[in-house]
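Trainee: Below, each chain spelled out in residue letters.
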Amino acid sequence: MKEVVHIGTRSRPGPDLQDLVARVARGEQEAFAGVYDAVAGPVLGVVRGVLRDHAQSEEVTQDVLVEVWRTAPRYRPDLGTAMNWILTLAHRRAVDRVRSVEASAAREHKAALLAHTPEFDEVSEQVETRLEREQVRRCLRTLTELQRQSVTLAYYRGLTYRQVAELLALPLGTVKTRLRDGLIRLRDCLGVST
Amino acid sequence: MTSADDPHTLTGAYVAHALEDEERAQVEDHLARCEVCAQEVRELAETAARLGLAVATAPRRGMRDDVLRRIATVRQDVPRAEPDPGPRRTPLRARRVSRWALAACVAAAAAFGGAALWQHQQARDARDQARQAEERAREQSRELAAVLGAPDAKSRSGRFADGASGTVVVSASRDRAAFIAADLPEPPPGKVYQLWFNDDGSMRGAGLIGPGQGTQAMLMDGPVGRATGMGLTVEPAGGSDQPTSEPVALMDFPT
Ligand SMILES: [Zn+2]
Chain A
218 MKEVVHIGTR SRPGPDLQDL VARVARGEQE AFAGVYDAVA GPVLGVVRGV LRDHAQSEEV
278 TQDVLVEVWR TAPRYRPDLG TAMNWILTLA HRRAVDRVRS VEASAAREHK AALLAHTPEF
338 DEVSEQVETR LEREQVRRCL RTLTELQRQS VTLAYYRGLT YRQVAELLAL PLGTVKTRLR
398 DGLIRLRDCL GVST
Chain R
94 MTSADDPHTL TGAYVAHALE DEERAQVEDH LARCEVCAQE VRELAETAAR LGLAVATAPR
154 RGMRDDVLRR IATVRQDVPR AEPDPGPRRT PLRARRVSRW ALAACVAAAA AFGGAALWQH
214 QQARDARDQA RQAEERAREQ SRELAAVLGA PDAKSRSGRF ADGASGTVVV SASRDRAAFI
274 AADLPEPPPG KVYQLWFNDD GSMRGAGLIG PGQGTQAMLM DGPVGRATGM GLTVEPAGGS
334 DQPTSEPVAL MDFPT
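If you read the protein sequences in the order shown, they are chains A and R.
Taking our numbering, the leading residue of the first sequence gets 218, the next gets one more, and so forth.
Taking our numbering, the leading residue of the second sequence gets 94, the next gets one more, and so forth.
Among the clues, some could well be false.
[Claimed, not checked] Restraint-style ranges between C-beta atoms, simulated for each label pair:
| hint | chain 1 | residue 1 | chain 2 | residue 2 | range |
| --- | --- | --- | --- | --- | --- |
| 1 | R | Gly283 | A | Gly390 | 29 to 39 Å |
| 2 | R | Arg168 | A | Asp313 | 15 to 25 Å |
| 3 | R | Ala330 | A | Arg291 | 57 to 67 Å |
| 4 | A | Gly390 | R | Gly332 | 36 to 46 Å |
| 5 | R | Gly283 | A | Leu389 | 34 to 44 Å |
Think of the hints as simulated: they come from the structure by calculation, not from any bench.
We put the beta carbon where it would ideally sit given N, CA and C, even for glycine.
Isolated chain A (complex conformation) (with noise of 0.2 Å):
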């Protein structure tokens, strides 16, 4: 039972990002400030849900925003779209940090990652956000149990598949295959198209 759920082309983000940041390559401080208010909600909280400290995740979110302004020059929009871009960053450079980080393998109790659901922020009042978040919700609740929690557990907690696998215990082809699948799945549900 395949759920598809479609709204339309509005749920890709921010219409005039791609513009905000063509303007930003180009050397413009008051574009940024627009790409700010674009961005920087999304991307702290995919460095918060793999990070869980909150100094650190504050951090860590500045130093991506930083990095988008340094690097805009170099971006390439036929690789993808900005906000991609910018949450592929986001969620590389947090998990970056939590492997640096020695503690990363005490960081939490397995139980608890295992319990651990992604925050949807509930308080959030901007409707695109609302909107998108039910969207994936829907579209999370399609996928295989497995698929699921491999997919949460690598994304949203910044997991390695191998992890993942002991954590599940699986074996590794099983963590492998399901974060495709499920991506897929996800994918097709949520009508993503490049």
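Got chain A; can you put chain R with the ligand on it based on the hints?
Mentor: Relative to the frame of chain A, chain R with the ligand by itself:
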């Protein structure tokens, strides 16, 4: 167990940054050569970004000013001189093309450690067979990949008895053809399937399909030449010089 043998299945772990550095490098290496995986990675990365958007949360108020103050002191990187050309930049033109690109990509990957495989869905089952066929497949699958991926590749599919079906792919520019069987039943004991080029009514041997290869892409032996079609028969082990049985399949080449 390492995953080095199979970069295709790592696209999900790759976009979720769930790989260790070494595997990550292997996947990136593969992505530079495989447009199908590169495209999948682009789509799954956009998907992951949507997961990210869904957990957006409001930063503290003062952060905006802090960040805007910081960037005022940070010098930007210089733009790339020019975008590096590469396989990733070439968009697939159409779905139909992407199916061939997929096959080419699967076959190309197989050239590094397995026999040629057809659809992604069948890849996993076929992987076991592929391991056994590793050595023999190497050279063949390179050429096979070239045929399936040729810009002028044309295909025709047909359904045979017993629910089997097949697709023939011809590249005029390479003067080669490939046959992709699906669900071909095992030949009777002591028999094999033999492929033929149909040179205007006279049949020219084009290779054997051994047991366990009923779901594979095969490069047909020899040039297409003036052949206008292909045939498939059941022959005694080792094959025959001329068909000795009624064809299981006869197909005209696509034009
Ligand atoms: Zn590939």
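Trainee: Please go over all the hints and tell whether each is borne out by the structure.
Mentor: Each hint, compared with the structure:
In this structure the hint that R:Gly283 and A:Gly390 lie 29 to 39 Å apart at CB holds, the actual value being about 36 Å. A hinted range of 15 to 25 Å holds for the C-beta pair R:Arg168 and A:Asp313, which are about 23 Å apart. R:Ala330 and A:Arg291 have their C-beta atoms about 60 Å apart, which keeps the hinted 57 to 67 Å range intact. For A:Gly390 and R:Gly332, the hinted distance range of 36 to 46 Å is satisfied, since their beta carbons lie about 37 Å from each other.
Distance hint for R:Gly283 and A:Leu389: a CB-CB separation of about 41 Å, consistent with the stated range 34 to 44 Å.
Taken one by one, the earlier hints all hold for this structure without exception.
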